[in-house]
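The task is simple: from the sequences and hints, build the whole structure.
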Amino acid sequence: MKMSEIDKDAKELEKKVLDLADAMDRAKTAQADRSDVVVEMKQAARARLELLAKDLQPVFASLPEGSDQFEFALTDGEQGRLWIDMTSFVRMGKDRRVYEFVKDTRLGRTILAHGEDRENIGKAVTNYVAARVLEREQAIEGDWIAMNGHSFDGSSQTETQAPEPADGGVRAKSGMWFFAGIIGGAAIMVAWAWFGNAPAL
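Residue 0 is where the sequence shown starts when you use numbering that gives the first Met the number 0, and the numbers rise one by one after that.
Think of the hints as simulated: they come from the structure by calculation, not from any bench. Note that the structure is predicted; figures quoted are calculated from it, not measured. Just so it is clear, CB atoms sit at the ideal spot from N, CA and C, and this is done for glycine as well. Among the hints, erroneous ones may be present.
[Said to hold, decoys possible] Mimicking DSS-like on lysine-lysine, the simulated pairs with C-alpha atoms at most 25 Å apart in a straight line are:
| no. | residue 1 | residue 2 |
| --- | --- | --- |
| 1 | K122 | K102 |
| 2 | K122 | K53 |
| 3 | K27 | K41 |
| 4 | K102 | K41 |
| 5 | K102 | K53 |
| 6 | K93 | K122 |
| 7 | K41 | K53 |
| 8 | K53 | K93 |
| 9 | K102 | K27 |
[To be verified] Here are the computed distance ranges between Cβ atoms for each label pair:
| no. | residue 1 | residue 2 | range |
| --- | --- | --- | --- |
| 10 | D24 | N126 | 26 to 36 Å |
| 11 | D75 | D116 | 19 to 29 Å |
| 12 | K122 | E64 | 41 to 51 Å |
| 13 | R45 | G114 | 11 to 21 Å |
Printed below as a string of structure tokens:
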């Protein structure tokens with residue numbers, strides 16, 4: 000092989016190496032750009048959830064004492080979440096602009112409300128919290144009523160028995176005389192029929 004051909008092959012190989020290096024640099028740059036976009040999107044989603052949490056702060060601050068069924072915590076991760084209680088939370092949609100109010104149930108996950116309007120999502124969460132508080136108060140009231148009608152000596156009293164009317168004795172006696180009159184009248188009619196048809200001696 001001539002020297003010129005060797006130099007030519009070396010230059011082509013060097014060019015391919017440089018092209019590969021340039022391609023790898025471009026790939027790294029593109030990957031970094033995508034990472035920056037993902038980070039920026041996560042930060043934007045986090046910022047939106049923080050704004051919603053700020054809107055809802057007065058709602059949770061006014062909850063009755065003992066309303067420990069609510070979480071109200073903002074957590075990070077692959078997808079940030081604003082927890083409302085143990086089974087419901089607000090997250091951002093795939094485009095990081097749409098709010099999704101989600102609840103996990105025994106039948107699966109359901110979306111209670113969604114949209115870009117933060118105010119509407121805040122109202123949906125507020126209505127949900129109000130309904131949960133009312134359910135809890137009704138349950139406590141039901142338990143109190145059940146316990147109030149229970150006697151711990153082994154008996155239970157659900158209703159106060161009304162006193163017997165004052166004329167109850169009079170009614171009972173009248174009924175007895177009525178039936179006695181019917182029986183007596185029947186006996187007289189039987190005797191009359193018997194003796195009226197009996198042959199004379």
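Okay, the hints, checked on the actual structure:
Under the criterion of a C-alpha separation no larger than 25 Å, the hint pairing K122 with K102 is consistent with the structure, at around 16 Å. Between the alpha carbons of K122 and K53 the distance comes to roughly 13 Å, so the proposed pair stays at or under 25 Å and holds. Between K27 and K41 the alpha-carbon distance is near 21 Å, which keeps this suggested pair within the 25 Å criterion. For the hint linking K102 to K41, the alpha-carbon distance of about 22 Å falls within 25 Å, and the restraint holds.
Distance check on the hinted pair: K102 and K53 sit about 21 Å apart at the alpha-carbon level, within 25 Å; holds. For the proposed pair K93 and K122, the alpha carbon gap of about 22 Å is at most 25 Å, so the pair holds. The straight-line distance between the Cα atoms of K41 and K53 is roughly 18 Å, inside the 25 Å bound, and the hint therefore holds. For the given pair, K53 sits about 22 Å from K93 by alpha-carbon distance, which is consistent with the 25 Å threshold.
At most 25 Å may separate the alpha-carbon atoms for a hinted pair to count; K102 and K27 exceed this at roughly 39 Å. Checked against the given bound of 26 to 36 Å, the beta carbons of D24 and N126, roughly 54 Å apart, lie outside it. The hinted window of 19 to 29 Å between D75 and D116 holds, with their beta carbons roughly 24 Å apart. Look at K122 against E64: about 24 Å separates their beta carbons, and that is not inside 41 to 51 Å.
A hinted range of 11 to 21 Å for the beta carbons of R45 and G114 is consistent with their spacing of about 19 Å.
Going down the numbered hints, you'll see the structure goes against 9, 10, 12, while the others check out.
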